[in-house]
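These are the residues of each chain, in order.
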Amino acid sequence: MTTLFERAAARLRERRVDGGFGPSPGLAPEPEPTAIAAIALDDRDAMAWLSDHQRADGGFEILAGPAVTNDAATATAAVALGPGAARERALDHVIKYRARLTPTNPEAPHDPDTRGWGWTADTFGWVEPTSRAVLALQLLRPSAAAEIRDGLSVLADRECPGGGWNYGNSIVYETPLPPYAQTTAWALIGLQGALAEPYGRGMTTLARLWSAERGGLSLAMTLAAFRLGGRPEVPDVERALSDELRRTDLLGDVVALAWTAIAAGPGLERLRSVAT
Amino acid sequence: MSEPIDRRTFLTRAAAVGAGATALGLGAGTLIPRLAERLRHPWDADAFPPPGSPRVAVLRASSYDGDLEGVVLDGLRAVGIEVDGASVLLKPNLVEYDPGTVVNTDPRLVAASVLAMRRLGAASVTVAESPGHRRDTQFVVTSSGLLDALTAVEAPFVDLNTSPLARVALDTSFTDLGELWLPRPVVEADVVVSMPKMKTHHWAGATLSLKNCFGCVPGRVYGWPKNVLHWAGLEQSIVDVAAAVRPDVQIVDGIVGMQGNGPIQGTPISAGVLVFGTDPVATDATAARLMDLDPGRIWYLSQAARFLGQGDLELIRQVGEDPERDAVDFAVLPPFEGLKVGSDSGGSVDAGQA
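Top line first, the protein sequences correspond to chains A and B.
For our numbering, count along the first sequence from 1 and bump the result up by 26.
For our numbering, count along the second sequence from 1 and bump the result up by 27.
It is worth saying that the hints were derived from the structure and are not from the lab.
Be careful, since some hints might not be right.
[Unchecked claim] Calculated Cβ distances over 10 Å to all of chain B for the following chain A residues:
| no. | residue |
| --- | --- |
| 1 | Met27 |
| 2 | Thr29 |
| 3 | Val43 |
| 4 | Ser77 |
| 5 | His79 |
| 6 | Asp137 |
| 7 | Pro168 |
| 8 | Ala182 |
| 9 | Glu259 |
[Claimed, not checked] Example chain B residues on the side facing chain A (calculated, C-beta under 10 Å, incomplete):
| no. | residue |
| --- | --- |
| 10 | His160 |
| 11 | Arg161 |
| 12 | Arg162 |
| 13 | Asp163 |
| 14 | Phe166 |
| 15 | Val168 |
| 16 | Asn188 |
| 17 | Leu204 |
| 18 | Leu207 |
| 19 | Val248 |
| 20 | Asn254 |
Given the structure is predicted, the values throughout are model-derived calculations rather than measurements.
All residues carry an ideal CB built from backbone N, CA and C; glycine is no exception.
Build the full structure now, drawing on both the sequences and the hints.
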């Protein structure tokens with residue numbers, strides 16, 4: 027009987043295009059799916075694709091226009107690249123391009139002294155890109171203490187009342203925003219024990235959320251967070267994810283498929299960090 | 028529609044006119060006056076035909092059960108749409124799943140619209156969306172019931188977050204974005220149908236067919252929840268994105284809408300209507316009036332009414348129910364009290380990053 031990892035890895039390999047991976051079948055490669063697939067499969071071609079598409083400033087962008095540069099995949103690409111100059115340039119980029127300090131406001135309050143990382147350059151810091159950067163720096167550049175501390179402060183500030191994470195602010199118009207499984211899982215993967223109390227509340231929250239949020243990406247990231255955290259729910263989540271893969275093929279979402287292969291396979295060990 | 032011209036031809040012609048005008052604008056001696064004109068009118072007038080006097084139909088529908096397909100057919104015929112042989116893309120508002128409220132365009136209405144479009148001769152009907160509040164599209168599509176509803180009518184769903192993209196130069200400059208990456212399924216469809224939920228919105232006042240176009244902007248470029256657009260100015264982005272997408276047809280789900288802290292955390296309110304149109308400004312102005320909101324006080328709608336469509340209720344040919352007589356009192360958050368019909372002050376807020 028094939029394992030979930032074997033099935034996901036086989037499906038993922040079918041999605042390879044020109045050495046990399048696009049966001050859905052047949053599309054040209056982009057940094058995020060390529061980086062996640064490279065980690066999942068320990069894929070040398072995907073790593074080479076990343077090296078070939080790194081900008082001179084060390085960043086990875088998916089598309090750019092005069093006013094938009096999405097370089098949020100850079101931290102994940104740094105993890106995917108092997109040791110060497112390309113990885114170091116990517117980490118330099120992560121450190122250099124944090125989000126902008128943003129004044130708080132009464133409608134959507136937040137700590138104005140923290141930055142974190144945004145989806146696009148020079149904007150607001152969000153939970154998912156901040157978690158990616160915290161993970162990469164804790165794993166590969168622990169000497170970046172100030173930047174790691176800032177990222178942890180953002181995650182502490184954005185924790186939802188009661189635990190877990192939404193995308194950004196935890197309260198809008200005095201109304202608490204609910205935590206989501208996928209964003210909570212990302213924060214937990216980024217933290218891996220740092221901020222012990224929010225981490226613990228996040229795990230408890232995710233244990234409550236996951237069975238109601240059965241999308242492929244949510245389940246895959248939940249499985250990764252639970253395996254890294256040594257949670258007892260791992261077999262149940264793995265079974266649910268396996269069912270979704272069989273039933274829906276995760277709607278062709280390559281990022282969800284690659285996260286499935288990470289969560290169920292040996293690639294997860296590349297994400298295991300020691301909390302600072 | 029008075030002139031039988033397909034969407035692709037129209038947009039190609041409009042783009043060609045816009046490119047020509049831009050080239051002329053670079054000529055010596057004309058640049059400064061043109062820039063000044065651009066500040067006063069942040070759109071390329073050649074790219075947007077005058078709005079005329081469009082029809083908007085308000086049809087009664089008290090529930091999602093019964094002959095919804097028939098009501099949709101009546102509504103589409105009332106505003107004179109022609110989709111014979113066309114590829115049709117239905118763009119519902121699918122933001123989030125919360126079993127306790129009514130965030131999304133009801134899947135039964137989407138399925139009924141698929142069937143109605145086929146009855147009207149559409150060559151293909153696709154349903155597409157890039158959910159704004161959830162990266163996990165599969166979760167929203169499945170939990171909301173949309174996937175099952177589409178399976179029942181054998182209609183495909185396309186995740187616009189993971190679709191191939193086309194770079195589209197903007198004919199408007201309410202933001203400084205200059206261009207947008209839009210999914211090819213949207214750009215290449217003959218007919219794009221914006222199918223919003225009738226909701227209040229805690230940054231923009233109301234979210235209707237214009238704001239629903241945000242869902243055409245892919246999260247993998249602009250982030251979740253599309254923060255770049257908020258950063259560029261939410262209301263300004265609504266105008267720029269809607270002007271780039273230019274939905275050909277609108278079907279507003281007002282059977283049960285959302286009031287208060289919309290678009291996610293408000294409460295259900297039964298308005299008992301569906302609104303149909305071919306001019307998104309006219310449709311939204313009518314829908315806003317049905318929500319007891321003054322369309323002229325919704326900033327993005329008033330700006331869109333300057334060039335994108337007809338915002339003057341006196342010039343919109345209303346079919347079916349009377350939007351003033353049948354208006355329902357949608358509650359709004361305190362900063363938006365000024366949007367209510369008859370209130371003393373106007374305006375909306377753009378708080379930013381949440």
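Quiz item: With a cut-off of 10 Å, does the beta carbon of His160 (chain B) approach a beta carbon of chain A closely enough for the hint to hold?
Solution: Holds - the Cβ of His160 (chain B) comes within 10 Å of chain A, reaching about 7 Å at its closest.
Self-check item: Status of the hint placing Val248 (chain B) at chain A (closest C-beta pair under 10 Å)
Solution: Holds. Min distance 5 Å.
Quiz item: Holds or violated: Asn254 (chain B) as interface residue toward chain A, Cβ cutoff 10 Å?
Solution: The hint holds - Asn254 (chain B) has a Cβ within 10 Å of chain A, the shortest such distance being about 6 Å.
Quiz item: Does Ala182 (chain A) really sit off the interface, with its C-beta more than 10 Å from all C-beta atoms of chain B?
Solution: The claim stands: Ala182 (chain A) keeps its Cβ more than 10 Å from every Cβ of chain B (closest is about 17 Å).
Quiz item: Would the least Cβ to Cβ distance between Thr29 (chain A) and chain B come out above 10 Å?
Solution: 22 Å, holds
Quiz item: Can we keep the Arg161 (chain B) interface hint, with Cβ of chain A closer than 10 Å?
Solution: This interface hint holds because 7 Å falls under the 10 Å limit.
Quiz item: Would Ser77 (chain A) pass as off the interface with chain B, using Cβ distances and a cut of 10 Å?
Solution: 21 Å, holds
Quiz prompt | Hint check, Asn188 (chain B) versus chain A [nearest Cβ-Cβ separation less than 10 Å] | solution = It holds, given that the least Cβ distance between Asn188 (chain B) and chain A is near 8 Å, below 10 Å.
Self-check item: 10 Å Cβ clearance of His79 (chain A) from chain B
Solution: 16 Å, holds
Quiz item: At a threshold of 10 Å, is the proposed contact between Leu204 (chain B) and chain A supported by beta-carbon distances?
Solution: 5 Å, holds
Quiz item: Hey, does Glu259 (chain A) actually stay past 10 Å from chain B on C-beta?
Solution: 18 Å, holds
Quiz item: For Pro168 (chain A), which was marked as not at the interface, is the minimum beta-carbon distance to chain B over 10 Å?
Solution: Holds: least Cβ distance 27 Å, greater than 10 Å.
The structure fails none of the hints (numbered hints given earlier).
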